[in-house]
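Letter by letter, the chains look like this.
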Amino acid sequence: MSSARRAFLLGAAALALLHGTARAAEAVARSAAVSEVRRFALVAGEPDGGPGAVRLRYAERDARRMHAILTGVGGVRPGDARLLLSAGAPAFMKALGELSEAAGRAGAAGERTLLLVYYSGHARDGALRLGQGSIPLDALREALASARADVRVGLLDSCRSGAIVRAKGVRPAPSFDVKTASDAGPRGLVLVASSAADEDSQESDAIGASYFTHHLASGLLGGADASGDGLVTLAEAYAYAYARTVGSTASSAAGVQHPVFLYDLGGAGDVVLSDLTGVSAGRAGGIVIPAAAEGLYVVLDGSGRAVAEVAKAQGTERRVALPAGRYTVKKRLPDESGLLVASLDVGGAPVPVDDGRMDRVPLDRDPQKGFGGARYSVVTGVGLQRFFDRATRDGLFPPAALGGVEVAARDDLGHGLGWGLDLAIGGGKGQVDLGDGAEPLPFTFDELGGGVAIWKEWGVGPVDLSAGLRFGVTWLHRTFEPAAELPAQQFFTVTPGLVGAARWRLTRSLSAFGRVRTSWLFYDVDQNRSLGFVEGFLGVEYALGE
Amino acid sequence: MRWVNSLGPAAAALALAACGNYSTEDVRFLAALPTRGDLHVHVPASGASSALAACDTGEATVWQGAKAVSDGLDGGVDFIVGLVDSVRRLEPSERAEDMRRWGPFDDDRHPGREIQVVITRVTGPDGGVAHRFAFEARVKGQPDFTPVVTGAFEGPSASVGKGSIELSFEALWSLGMNDSSTPHGALLATYDRTGEPRRVSIAIVGGALGLGSFSYDFEGWVDGSGSFSYRIPKGLDKLYISSSFDSAGAGRAAVSYVTWLGLGGSFEQCWDAAACLVYVNDPQNYSCSTPPCSLGEVASCPAVPSPPF
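Those protein sequences? They're chains U and P, same order as listed. Residue numbers for the first sequence follow the numbering used here, so the first one is 1 and each next one is one higher. Residue numbers for the second sequence follow the numbering used here, so the first one is 1 and each next one is one higher.
Treat the hints as calculated values from the structure; they're not laboratory data. A few of these clues could be false.
Claimed, not checked - Capping the alpha-carbon separation at 20 Å, the derived lysine to any residue pairs in SDA-like fashion look like this:
| # | chain 1 | residue 1 | chain 2 | residue 2 |
| --- | --- | --- | --- | --- |
| 1 | U | 429 | P | 25 |
| 2 | P | 67 | P | 199 |
| 3 | P | 162 | U | 437 |
| 4 | P | 238 | P | 203 |
| 5 | P | 162 | U | 141 |
| 6 | P | 162 | U | 439 |
| 7 | P | 162 | U | 433 |
With the sequences and hints as input, model every part of the structure.
Rendered as structure tokens:
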């Protein structure tokens, strides 16, 4: 029996027991509202695993996502949370120590406390790898075990992270004694690892996250609330993340991935990780999937990227907490004949998802956009440049025709943020008014421009809209051919500005592309002048690697 | 607020990032300066030398001499315009609304001297534009510049304006910027390109360019025809030539002369496009070595824009 298989069976057995204890303590769990426990969270994303390790694409995004959930429905006060992105091992241990001390002080003041540590990154040879540094798993476990919080939860999303539970082995939690410990609350340590000690944890370009974190996050947002009470317990979250991670990776080339855990809790009640009761009561935004609904619902943000998914069985209503915004919900039809798609505006109250009111679309119109493949693209096209000031346009900087090429990296920075490098060349003709009845002096000018832009992208139906900032440079050169004795002139300056674009996907690789830029130009030769100009650009975008 | 305070340095950094000579106003200043083409006298080349040998009636010596004189004057004009043109290759050192200044620069050819060029623009009450040009030099350390080339140009463009430009060789001597070939005196060129005909006058004062006191007036039409008049020494004699020619180079000339003995006279010549004489009226037989010089009929003379007779 392979160690992965063994871990799976052990995990499943423990899961069953964990479920049992969770159900037995349901009444207590209901009362253990998130707000009754002072929560502390250390969330770390570390894409760099040191020499020889492939840089992880989504470790930081995973961390940001978990941080947002924990400080949202997770009940962690922003001041009690630490988000570390590529911060390294010393910063990690320092933050852990600070939060432990803070939890100790809160405990001394009579508060019940929970310390949650989440890590997304590399692990190898029995240690977390944070850039050039490392933290042995034994040391991390000991640090958590000795942390001064009533409940310590470690969530590790990294390769072979299951080794952290191997020393003691996976064992079932002690049964809750509801009667004798009803007011004491749970105490102890829970460690959850995304993969067994001999397995790799996998990232997915399709969802833009690691499988485990994606499903854990979806569970915390409501997908895991199997009891339907609006509280997602640790047991529910683990069960959901386990089942969905195993299911998602079952057919992957890297092999199936089995999350494992160490559960060493005493006291009464379960650990509640997220509170969706606000959605139930209509006080908070989100979606509600009715009890009769069944299937896999995927919630996409404005950029078409998955923010949550709910594997729903008939029987209980399921709520998913979401920040205010416009979302697309899709559901694959059971016979694979198409998709049901609906756009929903989430505000301050939950929005129901009704299969009967969703649009049926063919599979090739899937609104979900992956993070891989189409990340990089090349745009080429032509455009026009025109200065706002008429006097400037008529003499100094006449309208110009430009042709250009651009390399874009979409959603490369997380949060739907992309960036691109552009280069354009063009020119035109103009004339200098010499005044007093003299013939205007014609000239020909050339222009070379380039820049770097950063933008945020939103999906609106089949169109992707984006808006952002650009820092550009421009070089102008003009000659007065009829008056060859006049010297050629040139000018170089910076042109910061704003950029907005729309992209209409025509095929898998090809999109129609339109863009408008407004830029500022500082001219200082004749006199100091702030000038503005607008550029329109039409072209095609070719997605690389898709 | 802190971010507001940081805008100043940011704007300054952006300003420093801008550079170049991309200036429409510079173009307007430079367009007012006359070019070689504006000041050259356009006397057509006389008939090919091989054709001259075939002239049965003799060659038009007045016409041939006029071409040589005009070429020499164009050389003088080139010298002046070369000084004026020096600013075209350089970016102004100082820009003001109605002034451009280049320099002062060290004069590489004359150590211890420095030069500058200043162009000022004056707008008259009627909106007309005039420019003043000064190419100045001084001995380094001295406070004042001495004008070497001065000019006054009316109109926004020299190609359709009028003006004058004077080169003072004496200034070069006084500044110690002369060399062994530097003449004395001054060269004054005026032009008027505001309409037809376009006029160029060149006067040499004080023996500059070895021509003694000399004046040359030229009128040119866009079709290539023109007229000119000038005084020139011929040996010990002095000649006053008034000529006009058509676009093909055929023309008429009336010449007055005073011999070294004080005797005066005149003759008339007409020639065809090959510079062969078609008519000569020279009762004193001054214009040829083998009398009689007179030949042909006046009816054979070409029509010219300003017939001297």
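(request) For the pair we were handed, residue 67(P) and residue 199(P), check the Cα-Cα distance against 20 Å. (result) Since the Cα atoms of residue 67(P) and residue 199(P) sit roughly 17 Å apart, the hinted pair holds (cutoff 20 Å).
(request) With a cut-off of 20 Å on the C-alpha distance, tell me whether residue 162(P) and residue 141(U) pass. (result) 94 Å, violated
(request) Would you check the hint for residue 238(P) and residue 203(P), treating anything up to 20 Å between C-alpha atoms as holding? (result) With Cα atoms ~16 Å apart, residue 238(P) and residue 203(P) stay inside 20 Å; holds.
(request) Assess, step by step, whether the Cα of residue 429(U) is no farther than 20 Å from the Cα of residue 25(P), and give holds or violated. (result) 18 Å, holds
(request) Decide if the proposed pair is consistent with the structure: residue 162(P) and residue 439(U), CA atoms, cutoff 20 Å inclusive. (result) 15 Å, holds
(request) Assess, step by step, whether the Cα of residue 162(P) is no farther than 20 Å from the Cα of residue 433(U), and give holds or violated. (result) 19 Å, holds
(request) Please work out if residue 162(P) and residue 437(U) have their alpha carbons no farther apart than 20 Å. (result) Answer holds: residue 162(P) to residue 437(U) is near 14 Å, not above 20 Å.
The earlier numbered hint that this structure contradicts is number 5, and it is the only one.
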